[in-house]
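Okay, so the sequence shown: first residue is 2 according to my numbering, each after it adds one.
The hints are simulated quantities; they were obtained by calculation from the structure and are not laboratory data.
For glycine and all other residues, C-beta sits at the position ideal for the given N, C-alpha and C.
Some clues are possibly wrong.
[Claimed, not checked] Listed next, with one range per pair, are the computed distances between beta-carbon atoms:
no.	residue 1	residue 2	range
1	590	561	26 to 32 Å
2	431	506	44 to 50 Å
3	202	389	57 to 63 Å
4	431	246	49 to 55 Å
[What the hints assert, rightly or not] Simulated pairs of lysine-lysine, DSS-like, Cα-Cα distance not exceeding 25 Å:
no.	residue 1	residue 2
5	266	90
6	251	180
7	570	452
8	266	69
9	69	263
10	251	66
11	553	536
12	66	261
13	354	336
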Amino acid sequence: MQSIRNIAIIAHVDHGKTTLVDKIIDQAKILDDRKERTDLLLDNNDLERERGITILSKNVSVNYKGVKINVIDTPGHADFGGEVERVLKMADGVLLLVDAFEGPMPQTRFVLGKALELGLIPIVVVNKVDKENCTPDLVHEKVFDLMFALDATEEQLDFTTIYGSAKNGWMSTDWQDPKDNILDLLDAVIESIPEAPYREGSPQMQITSLDFSAFTGRIAIGRVFRGDLQEGKDYMLCKADGSTKKVRIKELHVFEGMGKAKTDKVRSGDICAVTGLEGFEIGDTIADIDNPEALPRIEVDQPTMSMLFTINNSPFFGKEGKFVTSRHLRDRLFKEMEKNLALRVDTTDSEDKFNVFGRGVLHLSVLIETMRREGYELQVGRPQVIIKDIDGVKSEPYETLSIDVPEDVASKAINLVSLRKGDLLVMEPKGDLQHLEFTIPSRGLIGLRNKILTATAGTAIINHRFSEYGPYKGDFSEDIKGAIVSSAAGKATAYAIDRLQDRGRFFIDINEEIYIGQVVGENNKDSDMGVNLIKGKQLTNMRKSGTDDAMKIAPKTDFSLEECMEYIKVDEYLEVTPENLRMRKISFRP
Numbered sequence: 002m003q004s005i006r007n008i009a010i011i012a013h014v015d016h017g018k019t020t021l022v023d024k025i026i027d028q029a030k031i032l033d034d035r036k037e038r039t040d041l042l043l044d045n046n047d048l049e050r051e052r053g054i055t056i057l058s059k060n061v062s063v064n065y066k067g068v069k070i071n072v073i074d075t076p077g078h079a080d081f082g083g084e085v086e087r088v089l090k091m092a093d094g095v096l097l098l099v100d101a102f103e104g105p106m107p108q109t110r111f112v113l114g115k116a117l118e119l120g121l122i123p124i125v126v127v128n129k130v131d132k133e134n135c136t137p138d139l140v141h142e143k144v145f146d147l148m149f150a151l152d153a154t155e156e157q158l159d160f161t162t163i164y165g166s167a168k169n170g171w172m173s174t175d176w177q178d179p180k181d182n183i184l185d186l187l188d189a190v191i192e193s194i195p196e197a198p199y200r201e202g203s204p205q206m207q208i209t210s211l212d213f214s215a216f217t218g219r220i221a222i223g224r225v226f227r228g229d230l231q232e233g234k235d236y237m238l239c240k241a242d243g244s245t246k247k248v249r250i251k252e253l254h255v256f257e258g259m260g261k262a263k264t265d266k267v268r269s270g271d272i273c274a275v276t277g278l279e280g281f282e283i284g285d286t287i288a289d290i291d292n293p294e295a296l297p298r299i300e301v302d303q304p305t306m307s308m309l310f311t312i313n314n315s316p317f318f319g320k321e322g323k324f325v326t327s328r329h330l331r332d333r334l335f336k337e338m339e340k341n342l343a344l345r346v347d348t349t350d351s352e353d354k355f356n357v358f359g360r361g362v363l364h365l366s367v368l369i370e371t372m373r374r375e376g377y378e379l380q381v382g383r384p385q386v387i388i389k390d391i392d393g394v395k396s397e398p399y400e401t402l403s404i405d406v407p408e409d410v411a412s413k414a415i416n417l418v419s420l421r422k423g424d425l426l427v428m429e430p431k432g433d434l435q436h437l438e439f440t441i442p443s444r445g446l447i448g449l450r451n452k453i454l455t456a457t458a459g460t461a462i463i464n465h466r467f468s469e470y471g472p473y474k475g476d477f478s479e480d481i482k483g484a485i486v487s488s489a490a491g492k493a494t495a496y497a498i499d500r501l502q503d504r505g506r507f508f509i510d511i512n513e514e515i516y517i518g519q520v521v522g523e524n525n526k527d528s529d530m531g532v533n534l535i536k537g538k539q540l541t542n543m544r545k546s547g548t549d550d551a552m553k554i555a556p557k558t559d560f561s562l563e564e565c566m567e568y569i570k571v572d573e574y575l576e577v578t579p580e581n582l583r584m585r586k587i588s589f590r591p
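Make a model of the complete structure from these sequences and hints.
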């Protein structure tokens with residue numbers, strides 16, 4: 002029987018996980034040389050490539066020295082923490098990837114904590130040692146301190162460390178001795194990570210993630226915990242409410258290279274994909290038909306933020322999208338709930354409004370962006386945090402925020418965070434940057450990134466993750482600027498924008514089509530102002546003595562989707578269509 006190692010790669014966002022997986026794939030010569038090669042093979046949807054982050058966890062398997070190594074690439078972002086927790090259930094060990102310059106980041110702590118709790122054996126990979134000013138030895142000590150702080154066992158603290166640069170394709174046991182391959186890493190995996198045990202007995206497999214195929218429907222992915230699964234046999238599916246249901250496995254696949262290979266039997270300890278099951282959810286157990294035993298279910302973190310999703314009812318509805326009705330929106334949101342674990346959708350008393358709960362602004366914005374690309378038109382309200390009542394105390398979610406900024410602008414960042422009721426915990430130098438850590442209410446983070454980046458001229462590196470619920474801290478004292486709202490519909494003229502420039506900054510271009518109630522700019526004062534941007538210059542037969550000055554119009558302010566979501570106020574909607582993002586007042590009378 003072939004020996005198997007299951008490893009999950011965990012790291013902070015953008016420390017090089019997916020690049021490392023690429024190199025493991027290259028080393029094992031899985032890909033056909035005749036095919037075109039792309040970087041970041043596993044980040045295979047457009048959104049992941051554009052943002053340079055992994056959103057969904059993926060599996061790959063390689064054979065090395067006769068041992069099958071299943072590699073699971075996980076997301077580094079706390080907003081997708083629901084993905085990480087389930088994936089770790091499938092592994093026996095983890096590769097903890099740490100940037101040689103940045104060291105352990107808040108996210109590293111979050112995923113590592115989860116892995117150590119499950120008793121997985123870590124191998125530490127100090128990546129990017131080709132960076133300037135990097136300190137691999139210091140980072141190694143910091144990782145040790147972090148593991149100690151997270152109550153690791155003696156066995157876990159005795160970890161193997163590998164240094165290298167995934168981008169340049171080498172790994173070595175000593176960072177001053179570069180090699181030209183990553184064999185040291187694969188050897189370490191075989192030596193340090195325990196073999197996946199073969200457990201005798203009746204079959205048990207917990208479904209830890211989903212895949213979807215247009216031909217065969219939903220596919221269950223998980224690790225066989227005990228016994229063997231066979232194709233064409235009947236099993237029992239143990240559900241959340243304790244009920245069981247008879248199911249038959251139509252097809253079994255194991256992971257091979259980048260794809261899957263069909264097989265008729267899967268042994269315990271291996272990871273497989275099962276086709277032909279119906280009505281299953283993540284966390285369900287496939288068990289023996291005569292004597293079904295369920296495995297303990299996976300607890301997934303609860304959502305901390307909610308947003309209102311509704312149909313697009315602006316004057317421009319239906320011009321750009323294919324799916325615009327409430328039925329389309331409802332079906333799409335409920336379909337998303339099937340595979341997006343940390344998401345929850347509640348219906349409201351109105352047919353066309355839905356409350357969507359998620360882990361954070363990024364989590365929700367990835368859903369909105371995906372829907373937008375599929376041709377949906379919708380409107381969303383401002384993100385709200387979920388306030389709970391814990392033992393009679395009004396409580397709100399708190400996050401740990403870490404900011405790395407140049408020393409001369411550190412005070413500006415601290416000032417902005419303290420205005421939002423944030424408390425400074427740590428302040429230490431890190432290379433030529435100042436490393437700051439705060440605890441801050443989640444609602445204080447909405448719109449904060451934008452302000453900090455503006456104040457620090459774009460030099461701040463900002464990371465945050467949910468820590469816990471704590472007592473409500475009261476309202477923020479903030480100067481909120483009013484909006485400039487269009488009071489007429491048509492094309493915006495340069496003449497009108499030019500005359501109004503000293504009133505604020507604009508979000509639209511000349512000749513852009515606008516409608517009544519659209520937020521076209523930000524007022525310098527704190528009240529909303531209705532303006533007519535359609536009016537052109539009065540032309541008469543009289544000859545004017547003055548000459549027209551050339552117009553100097555400042556370029557419009559461009560917002561990304563997250564920035565729009567954080568910018569809108571309580572009385573505004575963000576209209577999302579496949580081609581445009583427009584902010585508008587919910588009800589506006591010119």
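Here is how each hint holds up against the structure:
Against the hinted window of 26 to 32 Å, the Cβ-Cβ separation of residue 590 and residue 561 comes to about 31 Å, which satisfies the hint. At roughly 35 Å, the beta-carbon separation of residue 431 and residue 506 lies outside the given 44 to 50 Å, and the hint is violated. Separated by about 42 Å at the C-beta atoms, residue 202 and residue 389 break the suggested range of 57 to 63 Å. Taking the beta carbon of each, residue 431 and residue 246 are about 54 Å apart, inside 49 to 55 Å as hinted.
At roughly 21 Å between alpha-carbon atoms, residue 266 and residue 90 fall within 25 Å of each other, so this suggested pair holds. Only pairs whose Cα atoms come within 25 Å are accepted, and residue 251 paired with residue 180 is rejected, the gap being roughly 46 Å. With a C-alpha separation of about 16 Å, the suggested pairing of residue 570 with residue 452 holds against the 25 Å cut-off. A distance of roughly 16 Å separates the Cα atoms of residue 266 and residue 69; the hinted pair therefore holds under the 25 Å criterion.
For the suggested pair residue 69 and residue 263, the alpha carbons sit about 16 Å apart, so the restraint of at most 25 Å is met. A threshold of 25 Å between alpha carbons decides the hint, and for residue 251 with residue 66 the separation of about 32 Å lies outside it, so the pair is violated. At roughly 18 Å between alpha-carbon atoms, residue 553 and residue 536 fall within 25 Å of each other, so this suggested pair holds. Using a Cα cut-off of 25 Å, the hinted pair residue 66 and residue 261 holds, with the two alpha carbons roughly 21 Å apart.
At most 25 Å may separate the alpha-carbon atoms for a hinted pair to count; residue 354 and residue 336 meet this at roughly 16 Å.
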